[in-house]
Amino acid sequence: MTARVEVYGIRHHGPGSARAVRAALAEFKPDAVLIEGPPEADGLVELAADPGMVPPVALLAYTPGESGKEDGRKAAFWPFAEFSPEWQAIRHALDTGAEVRFCDLPAAHQFADAGEEEPEGEEDVTEDLRLDPLGTLAEAAGYDDAERWWDDVVEHRDGGPAPFPAIAEAMAELRERLPLDALPAAYRLREERREAYMRRTLRRALRDGFERIAVVCGAWHVPAVRAAAPGAPGARVPAAQDDKTLRGLPKAKVAATWVPWTHGRLAGRSGYGAGVRSPGWYHHLFTAPDRPVERWLTEAARVLRGDDLHVSSAHVIEAVRLAEALAVLRGRPLAGLDEVTEATRAVLCEGADLPVRMIEERMVVGERLGEVPAATPMVPLQRDVQAEQRRLRLKPAALGKEIELDLRKATDLDRSRLLHRLRLLGVPWGVPAGEGRSKGTFKETWTLMWRPELDVELIEAGAWGTTVRAAATARAAALAAGATALPELTALAERCLLADLGDALPAVMRALADRAAVDADAAHLMAALPALVRALRYGDVRGTATGPLREVVDGLAVRVCVGLPTAVTGLDDDAARALLERVDDVHGALSLLGDEAHLERWRATLAALIDRPDLHGLLDGRLTRLLLDAGRLPDVADRMARAVSVGAAPSRAAAWVEGFLSGGGLLLIHDEALLRLVDAWIAGLPPDSFTDVLPLLRRTFGAYGSAERRTIGERARHLGAASPAAPGGDGDDDIDPGRAAPAAATALRILGWEVPA
Amino acid sequence: MTDDAVLRPHAEQQYAGELARLAEHDDRPRPPGWRLSPWAVTTYLLGGDLPDGTPVSPKYVGPRRLMEVAVATLATDRALLLIGVPGTAKTWVSEHLAAAVSGDSTLLVQGTAGTAEEAVRYGWNYARLLAEGPSAEALVESPLMRAMRTGAVARIEELTRMPSDVQDTLITILSEKTLPVPELNTEVQARKGFTVIATANDRDRGVNELSSALRRRFNTVVLPLPDSVDDEVQIVARRVAQLGTALELPEAPAGLAEIRRVVTVFRELRGGLSSDGRTKLKSPSGTLSTAEAISVVTSGLALAAHFGDGVLRAPDVAAGIVGAVVQDPVSDRVVWQEYLETVVRERPEWRDFYRACREVS
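Just so you know, the protein sequences line up as chains Z and S, in that order. Position one of the first sequence corresponds to residue 1 (the UniProt record's numbering), numbered consecutively onward. Position one of the second sequence corresponds to residue 1 (the UniProt record's numbering), numbered consecutively onward.
I should point out that these hints are in silico values taken from the structure, not numbers from a laboratory. One or more of the hints may lead you astray.
Claimed, not checked - Label-pair distances were calculated between CB atoms; the ranges are: (1) S/R191 to Z/E176: 55 to 61 Å; (2) Z/K253 to S/G277: 48 to 54 Å; (3) S/R28 to Z/E176: 34 to 40 Å; (4) S/R28 to Z/A374: 44 to 50 Å; (5) S/G277 to Z/L685: 34 to 40 Å; (6) S/S212 to Z/T746: 46 to 52 Å; (7) Z/R332 to S/P32: 22 to 28 Å; (8) S/E176 to Z/R302: 27 to 33 Å; (9) S/G277 to Z/T566: 47 to 53 Å; (10) Z/R332 to S/D202: 27 to 33 Å.
Stated by the list, open to error - Here are some of the chain Z residues that sit facing chain S, going by a computed Cβ distance under 7 Å: (11) A325; (12) L326; (13) L329; (14) E342; (15) A346; (16) V347; (17) E350; (18) G351.
For glycine and all other residues, C-beta sits at the position ideal for the given N, C-alpha and C.
Make the full structure from the sequences, and use the hints.
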């Protein structure tokens, strides 16, 4: 008996195709099934039968990079959902003990091939874009939308004769008619090679003695594959010709594995174009045993009820009626997604758009994340991540979820460390909410969302080490060695502390100290300091050893004080403004550090600066103010008068006032001493000078909000009359320690500090 | 009765020819009580060509799916609720639906704060009631009751303006499809084909929200403002032409550019964004619906015909536009001035319009 070959043309991710393929295979009982997919995965296919394998999953083929080289990495996915015909074919073959082989052009060739664009796993898109064979057929059938036509003719039909002969005929007809020459040459060449490889795989299977061979491939390729099938209609293609096409193809090193996939990635809207617009709906069509419309709308009603929208069974009944009436009106065999959505909108949601969008997100796309069994080939790092996920009870999910970590708890602290380490490895599973630093130091909020690409990132990061900790350490050390700027290094140090990478810290610190020593620019040093000081403070809560960090901070502080005097000479307005920010940052950081020696040195540096005549007005004013706040300057009133007197250039005077009063109007409102000082100075100006100074003042005060200005004015009015006992004046000193003690104790307990009994 | 003398003929009178032709070619099954099949009704609303080449003018310009949902709703004997801001053709659609489905768009209850229950159920001829006692002859039917008896489509305008207790009268009618008359110990059972089309706008405040019991007896279709400038220009131009014929205004040539300008002004102010997307604008308090654009252009045409040179020009529409935009004399005037100075003035080809608006504001 001669071998029989059946070629089933399908649409990828089509539930109707899947159903038809399943039925056809059950009848044909093949002993070998060839499936469009990367041959590299032939060895992995048994895993599909593992109970731990839950679609949607994807075959991932990638080029294993060397020691984390970022460029040149290539990866391609072949996604399978429960309702994918390929998946059903694989499962059927495995269940019946038939041989499964993938017959697409090996990824090794696709990757190595010039690499003009990322090779995609599916060819539907490209075809739809470039020549759209289904669109042509749909048009012939009087449809304006190819998807709807295919849905009506293939996907929504249940039972009846297998559609495959008809599809094959239609495709053969189409391939003859369409102007293939109009396609780009590169694309055509690739298609030729792919089809040649499919035929070659088929011939090899025939040679291997299989007698009943089923080929499952995209509908478009059916005529091409048949050209190598004995007894099939259509022209032959000799083996020699295919060998010629495939000779001398470049090859790349490729590894393959299974990765979990999501419905969201299957949907066309997320950029991966190969998919279907409504995976959730297709999954429903495929899995629902009967009455798909009724079941769908009932489920939609449940989703709405879950969000406290009142939807009764009567609503569902009417929605089903409307959907069916619409389908009849539009001449469709079964209510499709369009009809069901209209019915949901008009009846269940009473015309409102928002709940409809919710249904779309949760059901039509449906965030479903697949799972792969433990036996799947993985790099050690992946295994370690999985072990950590299990240990810390953090399950990857496709839908973004916000979690709050209390760093005083051991588990939460470990979770935070894991997330920080993964981020350091370039696997942003969690994104810290509110990038701006919050006030609390023991709470962290993360948004967790597992995307399929993260698996690829993980595999790539596997080059750094076998455990998350080791890999992150290695990566941090490498980053430190490659860093060129100080702020980069300090930010890295901060991340190391957050991720509790004590082993990496010495390397980073050494790099940091080396950089700081040779960096002549005080501005750089100043930019680096605040992050380090913050990191030191973090150490308190996280229990990280911060010894090396402390040394670096000490060294930096000294260097900043030494370097500042040279940094302030010859600045223009913009540079002065930039430096002012740095000075403020350093000042804040040193105050936060609370080291008296550093603060003393800093103040002495500043005090030495303000007497220099070449100092920019902005800085002069600001430094005067900083020293005034520190109580180091007895003669501020004189300095103020001097700075804005006739001798000073107006622009410098304006800058001085601006620098002195910077920090917003609120300070003037609440710092009565400051207000008195300013008030006295203005009141003491001779009339002529006042007119000169007025524009300068206006420039500074004009930047304040109108409410602030008004309050300042009111305060200033009462200033003259106010006795020392005016409200606000005595509030600070009037603390009753006995009554404040319980409140202070509670505050301390909230902060997690020991309460002295 | 001479239709010519009527200021505004009903839909079924004005389009009697189209309806007759549609019925002639309609070979699809018709739901009981319907004059046309659902397909023919959809064609009547959205326009198209009949097999013999007779064109059917589009009555509604907008998403096809909305009309399909509306027709499918009526075909499943559900009540239809049309919602939208004022001027989105709710009444227009309901009238044409009723005309196409049952050939009669006059079974109409106008909802107002003073609508009484009698207007929805039935009233009495008190002279006869006193003279003869309760009898079928003394009963005065409401349009709704007549629709039930004849199996036709009843229309309720501005449903949310009715007092809540009157609204709730509808619940029994819509769910049981029967209207009891306890005084005569009888009832009216709706014949097949009876259904209700109600309209309500979701912009006005001080309306009586529908109870959820009533709400769930309706399928809801939200009519949106026109999607694109071109759609809106098309709607305005078509309606203006129809109104112009009815009012026997002389034909005004080259009005399309002016109509486009009116529509652009309305859309920009409504959306709070200039059409090039560069300038943010304040929106005035009025709705600035398509219907208002239509009336602005119509009155501009009248001005041009009777006082101008017969061509629709900027000064003819300026007064109308200002009147439509400035509803609140204080805040809207600021909005309008701002728009005039920041957007209109910057457009060189709008100079005539700018001058005209300056003159009237």
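Right, here's what the structure says about each hint:
A hinted range of 55 to 61 Å for the beta carbons of S/R191 and Z/E176 is consistent with their spacing of about 58 Å. At roughly 50 Å, the beta carbons of Z/K253 and S/G277 sit within the given window of 48 to 54 Å. Range check, S/R28 to Z/E176: about 37 Å between beta-carbon atoms, so the 34 to 40 Å window is met. Taking 44 to 50 Å as the suggested C-beta distance range, the pair S/R28 and Z/A374 does not conform, at roughly 60 Å.
The beta-carbon spacing between S/G277 and Z/L685, approximately 51 Å, falls outside the hinted interval of 34 to 40 Å. Look at S/S212 against Z/T746: about 47 Å separates their beta carbons, and that is inside 46 to 52 Å. Range check, Z/R332 to S/P32: about 23 Å between beta-carbon atoms, so the 22 to 28 Å window is met. With their beta carbons about 29 Å apart, S/E176 and Z/R302 fall inside the hinted range of 27 to 33 Å.
Taking 47 to 53 Å as the suggested C-beta distance range, the pair S/G277 and Z/T566 conforms, at roughly 50 Å. Our hint of 27 to 33 Å for Z/R332 and S/D202 holds, since their Cβ atoms are close to 31 Å apart. At its closest, the beta carbon of Z/A325 sits 4 Å from a beta carbon of chain S; the interface hint therefore holds under the 7 Å criterion. With 7 Å as the threshold, the beta carbon of Z/L326 comes within range of chain S, its nearest partner Cβ sitting at about 4 Å, so the hint holds.
The interface hint given for Z/L329 holds, since its Cβ lies 5 Å from the closest Cβ of chain S, which is under the 7 Å cut-off. Because the beta carbon of Z/E342 sits about 5 Å from the nearest beta carbon in chain S, less than 7 Å, this interface hint is met. For Z/A346, the interface hint holds, since its Cβ comes within 7 Å of a Cβ in chain S; the closest pair sits about 4 Å apart. Evaluation of the Z/V347 hint against chain S yields a held restraint, the C-beta minimum of about 5 Å falling below 7 Å.
Taking 7 Å as the C-beta contact cut-off toward chain S, the hint placing Z/E350 at the interface holds, the least distance being around 5 Å. Of the supplied interface hints, the one on Z/G351 holds, with its beta-carbon coming within about 3 Å of a beta-carbon of chain S, less than 7 Å.
Hints 4 and 5, counting from the list given before, are not met by this structure.
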